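Asker: Counting from 1, one number per residue, gives the positions in the sequence shown under my numbering.
Source of the hints: derived by calculation from the structure; they are not laboratory data.
Listed below are the simulated BS3-like cross-link pairs for lysine-lysine, each with C-alpha atoms no more than 27 Å apart in a straight line:
| hint | residue 1 | residue 2 |
| --- | --- | --- |
| 1 | Lys83 | Lys106 |
| 2 | Lys1020 | Lys964 |
| 3 | Lys106 | Lys116 |
| 4 | Lys531 | Lys548 |
| 5 | Lys139 | Lys21 |
It should be emphasised that the depicted structure is a prediction, and the values quoted were computed from it without experimental measurement.
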Amino acid sequence: MSDPLRDKIIEGLSKLTDREKFEACAVDLIGRRYPGLVALPGGSDGGFDGLGVGKSGRVIQLVCTTGEDVLGNLKGSLEQARKKGLKSDAVLVATTQPLTPQEKRKLAECAQGFGKTLYPVHDRTPMANLLYHDSPWRKSLLGIPGHPPALSLLPVNHRPAFDLVPIGRTDELSRLNATTSDLVVIGQPGSGKTHLLVHLASETNGLFVVTEERAAIADGVRDQAPSWLIVDDAHSRLDQLVALRQLRKDIDGGFRIVATCWPGQEDEVAAKLGLSGQPALTLRPLAMPVIKEIVNALDISGPDELMHEILHQSNGKPGLTVTLCQICWQYGTNQLFTGEALSRDVRLSLTALSGEEAVQLLGYFALSGETGLTVEEAARITGMSAAAVSRMAEKMGAAGVLEVQRDRRLIVEPARLRQALVRDVFCKGAAPLDWRPLLSTMPDRAESVDAIIAAGLLGGTVDDATLQAEIIGLENTRGVAELLDHYARLGPGQSRWVLEVFPAYIESVAEPLLAHLPGEAIPWLLRSDLKRERRPRQERDELPALRKWIDARAHKTDGVGRRERLLVAVEAMRDDLRDTPTLFAAVGIILACEFEWTDQAPGEVSSFRLQYGFIPVSALDRIAAHWPRILALLTGLSTPIALKLPTLFDDWANPRPWTGGSVSTEFVAAGQKYAREMYADLTRVYAGNWVVLHRFNWLASRLELPQPVITGLPAILFPPRALGKDEELYKSQHDAVEALAIEWSERGPLPELLDEWRRVETEAALGEARYPNLSEEFATQLARRSSEPLKWLDALLARESSVYVIAPFADRCGNDSAGYREEFVTRFLGHPHYGRLALIYLIQHIQPGAKPWENAGAELAADPDAVGTSVLRDQVREATLQVLLARFGPAVAAEVATNMWSCRPKGEIPATLFPAWRDAVIEHVAKDYQLEEIAQSHPDIAFAWVKRRFNPPKTELYSENAFKVRDHLRTMVTKLSRDQRRELIEAFAADNYDGELLDRLIGGDLDLLRLALSRPETKKRALSSLGLPGNPSTLWVERAILFLDAGFSEEDVMWASELIGGSWSGPESRHHDEKLDVFRPLLGEKDPRIASIGQQAVAHLTKLRDQAKEREHIAAVKGRLA
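Start from the sequences, fold in the hints, and give me the full structure.
Answerer: So, in structure tokens, the structure goes:
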């Protein structure tokens, strides 16, 4: 049974043909939602049936039609308006026709094709709803007199009503449909209670009670035969609930009663319905992605900032979401971003509920910021009684604007409402409350100061002198940087004050300073960067604030204007910045043709968007126009900085889009054209610095340009890199090395040759010219061809040449003279440059017992890797290995033993060395993969290794190597036999607290578990070996029974079963659900003790799961990670 009045309206609209009268009606009724909308009657309206100018200045075109072709009418009106030059920003469609969602979508696409936004369509149902409550227009337009019946499909409310199916309420609708008795529905204002019930009523023969006249209601029940009656906001209509129950009894009505109320009122409402103790239906706030669905369904479009604002202000309330969207249509977005609309909505609700005093109290809570106030603190600050504050706070909580934190503090949510309330109560109007004396009474002074600053950002009037004094007083507090950042956002004056008074925080507050005072902030940031300690190879981290400032504009437009500002500042500071990393970093930002920008998509709390791309080609042209000025800044750089020059235009020469991205051929062509010009200029400027030119080799190849000209010795020893398989170039480079070696060997070790070689080596090291490096090959060939290798070696040593230059000559001298290597070792063992070479000679060539070995202990211990490398290459005699295993400490012995094992053929240890090698492994080896391999081949060694470390003394428990050894132990015991594990369990000491080690020893062996339970030293420790019930759980049950029989309680066994803890990914609630799946099978076990453990575990995990779900839901509503 439907609503007879509404049925008549629907029928009347279906037959209506008077377009002009419908147009006048639509303008009047819709204009109450969109103030300023006026009719434009007649045939010369240029497609405008009505015209409105919203408070935001947006021009709205109204299109009305009673015809069937709504889409055609809209398109014709828009085309007519365009022909006549009539402009509008948005379009409203009113029609007497019913439209499907698909038809409405086509209307939106049509409007979008004309560059306009389509506001919510008022088709037959919304127009009928408007006429339902407007008797004059209903009678004038349709000839339907009278008033809405006592029982109506539509409630009496003032929230905007749209023909929108409830989103995110599937479970609630199912519960309502399944309910066969009376029900209380609980929800905060704006949670969507009424809209949900309107939708359900239209489909299931439900009606709203819209009068208190008992006789009219009784007639309605008889005539309309509703299945259920809805009493909206029943907490304010308690007597009517009693009356409806009596009426049902009197007339034998078969209807159910559904009553809605705010949180905190449900007990009283339930009592009136006789439902005390019965479960109610609570409409919880919706997660942010669901709220986003609602916004999208309402066709709100705009920048991400707008969507973020709507989602956060909605606070999970679908009804409030619709209100906020309506505000965007009616007034533009300004009232949304300033919180004006939200604050007004809350203030009106609270004033009606509890008077102006409630608004002021809420203002005090808002002033406390994110810290909030307890009821007692609020009572002390306001002078109200704690009971009065508590009563009002309950109503505010029911209204959804106060939230209770774990420490009983109450905070105003959402944040924009908090900020707007502080503005409206303390910083706006003719007689605002004075916030200054209140700061000393607030629990967190910094939070309250920040709240006043936020009010100023929303248009409130703030006292700068007081705020500045407060900020100075908070200078040494933890959050002062964030406070300064917020204060600087108030404007240029505030930014300048921060810059002058708190220069040390320049990088923390760079964003607002660059927004308000870029001309002053840029030099400050550059000077600050000059003073900071730099880390190598962190170019992308250089000047991060300036890079972010430019990328922020580049990802929307191109950021060239900001680059030009930066260039002007760098030129002005040329003397201060000359030849500094700061100069190079600034130029890199100016020349950067790519950008990176990270943000969060609205409503997606667990993911971030990385935007990466390239600036337009037109921007490349503008930046390249400044190249002569940039080149002047880059002239005369020292070698370490000049070496990075090619990186400045790497992306110009070779733009590399990220996976899935692309770059236009036009951009590539323009970038490479400018890169060639830059290359030519820089190679000319640095023509005398071969190391810098060497860095340009790869860039020349990429741009298909001639290699930079390098001559003399550098060209031979450090030639251009042969790209790909350029065998001809490779051969010519090595031929040049050979020819030079022949020439120099004939000339002998002349000082001028040696000095030049040393100079080139030094420059190559400074310039990191490592590849190709043919200097070692040159030294090898020269040493082989020379008739005076010792003279060359002495001359090179005198000049402290590189070790790879020295080594070929030292090898040649050692081969020529039996005693030379011993002499070299004696001379250079411990030398900072040649000590390792001397150590290698000692290990590989000198017999143990010779004099050089007498002082080798410290050097061997300091560089065990050199020893290990020689052993791994099988370059050490057996006699030397014997000595190294026994005489030079744990590090050397371990290195020798592990590399003996890994030396090919792997694992074949000579019999003469095996005892010493075995002892070294047992005592000193701690490398896991070799230990596992050795344990596999030699279980006896593994057992001895474990026994050696099994019960460590307390002095070793927390040593540097203790945790590594513990992990190795746990691995090694799994390689042991059952008898060996039994022996270790019997030896397990009482002060050995490694329960996991005992667990590994026991494994799944019930006999070993019985042994551990029989020993006082291991009984308690063994409990940690139980773990989660398995699948199947047979073995776990058998083990659990052994523990219970040994005297452990059910609770002991439960907590030993990894009931809590562990690692997981995804929601915490899912982690508890997975554990519930493991413990539920225990409920069916025959042993009542095991079943009881299952019951306790399931109860505990269910509680943890539900708590986690609640936290996750709140986080999803707030747009945070749980």
